[in-house]
Amino acid sequence: MIIVDKLYKGFNGVQVLKGISTTFKPGKTSLIIGQSGSGKTVFLKSLIGLHTPESGTISFNGGINTEFTTEQKRQWRQEIGMVFQGSALFDSQTVQDNVMFPLKMFKKQSEEQMLERVNFVLKRVNLENSNSKFPAELSGGMQKRVAIARAIVMNPKYLFCDEPNSGLDPNTAILIDNLIQEITDEYQITTVINTHDMNSVMQIGDKIVFLKDGVKAWEGTNKEVFKTDNEAVVKFVYSSELFKKVRLAYLNETK
Amino acid sequence: MAYLRHVGKYFMMLGQVFKRPQKGRVFKEALFKEFDELGIKSIGIVIFISFFIGGVIALQTALNIENPLIPKYLVGFATKRSVILEFAPTFCSIILAGKVGSYITSSIGSMRVSEQIDALEVMGINSLNYLVFPKVLATVLFYPFLVILAMFLGIFGGWVAGFTSSMFSEIDYTQGLQLDFNPFLVQYALIKTLIFAFLIATVPSYHGYYVKGGSIAVGKASTQAVVWTIILIVISNYFLTQMLLT
Numbered sequence: 001m002i003i004v005d006k007l008y009k010g011f012n013g014v015q016v017l018k019g020i021s022t023t024f025k026p027g028k029t030s031l032i033i034g035q036s037g038s039g040k041t042v043f044l045k046s047l048i049g050l051h052t053p054e055s056g057t058i059s060f061n062g063g064i065n066t067e068f069t070t071e072q073k074r075q076w077r078q079e080i081g082m083v084f085q086g087s088a089l090f091d092s093q094t095v096q097d098n099v100m101f102p103l104k105m106f107k108k109q110s111e112e113q114m115l116e117r118v119n120f121v122l123k124r125v126n127l128e129n130s131n132s133k134f135p136a137e138l139s140g141g142m143q144k145r146v147a148i149a150r151a152i153v154m155n156p157k158y159l160f161c162d163e164p165n166s167g168l169d170p171n172t173a174i175l176i177d178n179l180i181q182e183i184t185d186e187y188q189i190t191t192v193i194n195t196h197d198m199n200s201v202m203q204i205g206d207k208i209v210f211l212k213d214g215v216k217a218w219e220g221t222n223k224e225v226f227k228t229d230n231e232a233v234v235k236f237v238y239s240s241e242l243f244k245k246v247r248l249a250y251l252n253e254t255k
Numbered sequence: 001m002a003y004l005r006h007v008g009k010y011f012m013m014l015g016q017v018f019k020r021p022q023k024g025r026v027f028k029e030a031l032f033k034e035f036d037e038l039g040i041k042s043i044g045i046v047i048f049i050s051f052f053i054g055g056v057i058a059l060q061t062a063l064n065i066e067n068p069l070i071p072k073y074l075v076g077f078a079t080k081r082s083v084i085l086e087f088a089p090t091f092c093s094i095i096l097a098g099k100v101g102s103y104i105t106s107s108i109g110s111m112r113v114s115e116q117i118d119a120l121e122v123m124g125i126n127s128l129n130y131l132v133f134p135k136v137l138a139t140v141l142f143y144p145f146l147v148i149l150a151m152f153l154g155i156f157g158g159w160v161a162g163f164t165s166s167m168f169s170e171i172d173y174t175q176g177l178q179l180d181f182n183p184f185l186v187q188y189a190l191i192k193t194l195i196f197a198f199l200i201a202t203v204p205s206y207h208g209y210y211v212k213g214g215s216i217a218v219g220k221a222s223t224q225a226v227v228w229t230i231i232l233i234v235i236s237n238y239f240l241t242q243m244l245l246t
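Chains A and B, in that order, are what the protein sequence lines are. Residue numbers for the first sequence follow the numbering used here, so the first one is 1 and each next one is one higher. Residue numbers for the second sequence follow the numbering used here, so the first one is 1 and each next one is one higher.
Among these hints, one or two may not hold up.
With a cut-off of at most 25 angstroms between alpha-carbon atoms, the simulated BS3-like pairs for lysine-lysine come out as follows [to be verified]: (1) A/K235 / A/K18; (2) A/K108 / B/K99; (3) A/K108 / B/K19; (4) B/K41 / A/K107; (5) A/K133 / B/K28; (6) A/K255 / A/K244.
Bear in mind the hints are in silico, worked out from the structure with no lab data behind them.
Could you build the full structure based on these sequences and the hints that come with them?
Next up, the structure:
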């Protein structure tokens with residue numbers, strides 16, 4: 001479980017995160033949503049330790065990440081899987097080498113054992129027979145799946161995704177969403193996703209945290225988001241006519 | 001003030017670079033890859049340039065010796081000295097700063113803007129050590145061999161120039177090469193090469209690692225890296241010459 005308590009972070013005198021507190025539970029897919037500039041990326045980067053909070057704490061199963069010893073930090077890093085917005089695959093390495101990379105760095109395993117694990121996770125993300133391809137030879141959706149495979153190859157306890165659907169067609173986006181949710185359920189991972197995709201909000205949002213100007217303006221489930229009367233959330237989530245109609249239909253159905 | 005900040009940041013970067021590699025096997029793989037990228041792939045340009053510049057030095061020297069009292073073997077002597085003292089270590093390093101420096105900055109810079117460096121950091125990998133240390137070791141270990149190759153080829157280029165132009169004889173040129181050979185000059189050239197190799201690996205790495213923005217920023221950083229590496233090579237060349245030869 002991840003517990004965020006009164007998190008503050010700013011850059012060059014501009015306060016980006018203003019006292020965010022929330023909790024992310026294992027086996028649940030939590031989504032962080034909000035307009036561009038609301039602090040989502042800074043929040044996610046603070047969670048994974050790329051930004052150090054000015055004040056406030058982030059605890060992972062009871063341990064506060066900024067207070068970890070070097071060894072604890074090394075261990076914690078291995079418990080984290082991250083899927084970056086642009087996939088962040090290593091261009092000069094094949095799919096197999098990309099996925100095997102964390103194993104090579106941190107596991108004392110034979111080449112065969114590592115290859116077995118790589119093939120297992122590649123199969124899990126439906127990417128068999130792509131081992132020898134380079135990232136440039138893959139489509140955007142395939143790159144995302146390789147990134148997910150690399151993120152889960154170490155059996156992480158925490159999975160973070162920064163806009164995993166950006167730049168993907170709706171079908172592929174749904175496939176990626178489903179894949180992330182299945183993996184979260186299967187391995188009881190604590191998954192936190194930064195997204196703009198309202199389909200994801202409706203479909204996989206076990207928990208939704210809405211940020212506005214660096215403040216947590218609302219949180220709830222994907223069912224509660226239909227019913228909320230929080231103006232900022234309604235304006236953001238139901239900005240398109242389609243989603244307005246979906247909401248109306250849902251509210252009529254549940255009356 | 002901004003320059004001082006960069007100098008401080010550069011040395012702090014070096015502090016992270018020179019740490020024990022996290023995994024020996026991965027480091028060895030990266031090191032051999034860098035030998036290939038930064039060393040083997042530079043052999044061609046070094047051969048090409050050394051040969052022709054050696055020829056030009058010999059021809060220019062021969063053309064400028066008009067006084068019949070000056071012995072013709074001076075062409076070989078002057079070519080040897082010029083090639084060993086300056087051309088091979090300094091000129092080659094400046095060329096390598098352009099070729100290898102821009103490659104290092106653009107490859108590390110692209111990794112920065114495409115979040116590959118963030119991915120390494122999230123995994124708990126010291127990205128500076130993983131990316132830069134093999135490059136430093138590869139250039140420092142390999143470039144002395146490139147410079148020795150450049151010395152031989154430059155001198156050979158001079159010999160071929162005399163042979164093809166008939167401006168000086170083979171015997172005179174060889175006599176000049178053998179005249180007053182001082183092994184310390186080769187040592188001096190190799191000491192300079194080590195320093196230049198270090199600069200060629202670290203200065204562009206610094207520019208690439210701390211780049212901010214997109215592809216245009218990476219392009220600008222590559223240009224800046226090459227310019228600064230050349231400036232530092234020229235300045236350090238002056239001080240090293242003063243320290244080692246005067």
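Status of each hint after checking the structure:
Between A/K235 and A/K18 the CA atoms are separated by roughly 22 angstroms; this keeps the pair inside 25 angstroms, and the hint holds. Restraint check for A/K108 and B/K99: the C-alpha separation of about 38 angstroms exceeds 25 angstroms, so the hint is violated. For the hint linking A/K108 to B/K19, the alpha-carbon distance of about 21 angstroms falls within 25 angstroms, and the restraint holds. For the proposed pair B/K41 and A/K107, the alpha carbon gap of about 33 angstroms is over 25 angstroms, so the pair is violated.
A C-alpha spacing of about 23 angstroms is found between A/K133 and B/K28, which places the hinted pair at or below 25 angstroms, so the restraint holds. Of the supplied pair hints, the one linking A/K255 and A/K244 holds, its CA atoms being roughly 17 angstroms apart against a limit of 25 angstroms.
In the structure shown, a violation is registered for the earlier hints numbered 2 and 4, in ascending order.
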